[in-house]
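Engineer: Read off the chains here:
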Amino acid sequence: MADDRLSNQVRRLRFENGEMTQQQLADRAGVTRQTIIAIEAGKYAPSLPLAFRIAHAFGVSIDDVFRYEDTDLKPGR
Amino acid sequence: MNRTQKSAWSNLAVAALYIPVIVWALVRLFVLKSIPEGLERFWPVPVFIIFAVTSIVLMRRKQSPVEVESDERDRLIKYRAVVACFVSVWILLAAATLIPSIVVGVKGSIPIWLLTFINVGVLLITLLVYSVAVLVQYGWGAKDGR
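For the protein sequence lines, the chains are A and B, in the order given.
0 is the number of the first residue of the first sequence in numbering that gives the first Met the number 0; add one for each residue after it.
0 is the number of the first residue of the second sequence in numbering that gives the first Met the number 0; add one for each residue after it.
No lab work stands behind these hints: they were computed from the structure.
Backbone N, C-alpha and C fix where the C-beta goes; we use that ideal spot for every residue, glycine too.
Check the hints yourself; a few may be wrong.
[Stated by the list, open to error] Below, in silico cross-link-like pairs of lysine-lysine (DSS-like), each with a Cα-Cα straight-line distance of 30 Å or less:
1. B/K5 / B/K77
2. B/K77 / A/K42
3. B/K32 / A/K42
4. B/K32 / B/K106
[To be verified] Derived Cβ-Cβ restraints for the label pairs, each shown as a range:
5. A/R10 / B/E66: 42 to 52 Å
6. A/R4 / B/Y78: 19 to 29 Å
7. A/M19 / B/V82: 33 to 43 Å
8. B/R27 / A/L47: 55 to 65 Å
9. B/V26 / A/Q8: 50 to 60 Å
10. A/S60 / B/E66: 24 to 34 Å
Make a model of the complete structure from these sequences and hints.
Structural biologist: The following block contains the structure:
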């Protein structure tokens with residue numbers, strides 16, 4: 000469920016968005032608060048639709064919330 | 000704690016209560032060589048039904064009318080727990096088939112009521128596996144909820 004290569008800025012974005020609570024973010028993204036806690040802690044890698052919903056909840060792009068760092072991954076042209 | 004976790008704890012409690020009963024019944028039959036008589040044979044069944052119905056009623060109560068009850072992570076956790084259950088069912092069925100034939104011999108016989116105990120035992124151990132798999136994935140409810 001967790002992916003060490005995936006990092007996120009959910010906690011920082013919550014505080015930058017008027018100290019949004021985990022419950023408020025969960026309600027906006029349509030998930031449980033436990034899932035937000037697990038994502039923040041890096042214990043759960045969300046699906047692509049959920050990652051988009053979280054990004055939309057903050058009004059930012061998905062890249063601003065989640066970052067995937069894979070040294071083996073070669074950039075496309 | 001969400002509904003899945005509550006349900007897992009409830010299953011764990013049922014299994015913890017009934018597995019000793021089944022183990023005792025097997026010890027009594029095979030070690031002490033005595034067969035329970037009358038109501039002693041059947042009391043676990045109504046108690047189990049009462050416990051199960053109570054649990055289902057309690058589990059159906061929503062924590063909050065607006066809060067999401069389950070999401071993709073819950074579904075993934077349940078799916079993995081079901082896979083663990085499925086594997087355990089096969090192992091238990093193999094054990095339930097082999098152990099009686101080893102204990103009483105290939106041409107031996109066992110009372111019909113013992114089959115009920117074996118079936119309920121398989122069910123309870125499966126429930127136990129499911130519950131533990133769910134709770135382990137949630138971090139036993141505490142760590143994940145902080």
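Engineer: Now, for every hint given, state plainly whether the structure supports it.
Structural biologist: Results of checking the hints against the structure:
1. With a CA separation close to 13 Å, the supplied pair B/K5 and B/K77 stays within the 30 Å bound.
2. Taken as a hint, the B/K77 and A/K42 pair is honoured in the structure, with Cα atoms around 16 Å apart against an allowance of 30 Å.
3. Note on B/K32 and A/K42: the hinted pairing is violated, with a Cα-Cα distance of about 52 Å set against a maximum of 30 Å.
4. Proposed proximity of B/K32 and B/K106 is supported: the alpha carbons are some 18 Å apart, at most 30 Å.
5. In this structure the supplied range 42 to 52 Å is violated for A/R10 paired with B/E66, their Cβ-Cβ distance being about 21 Å.
6. A beta carbon spacing of about 23 Å between A/R4 and B/Y78 agrees with the range 19 to 29 Å that was offered as a hint.
7. The beta-carbon spacing between A/M19 and B/V82, approximately 36 Å, falls within the hinted interval of 33 to 43 Å.
8. Range check, B/R27 to A/L47: Cβ separation about 56 Å, and the 55 to 65 Å hint holds.
9. Take B/V26 and A/Q8: their Cβ atoms lie about 58 Å apart, and the range 50 to 60 Å holds.
10. Range check, A/S60 to B/E66: Cβ separation about 28 Å, and the 24 to 34 Å hint holds.
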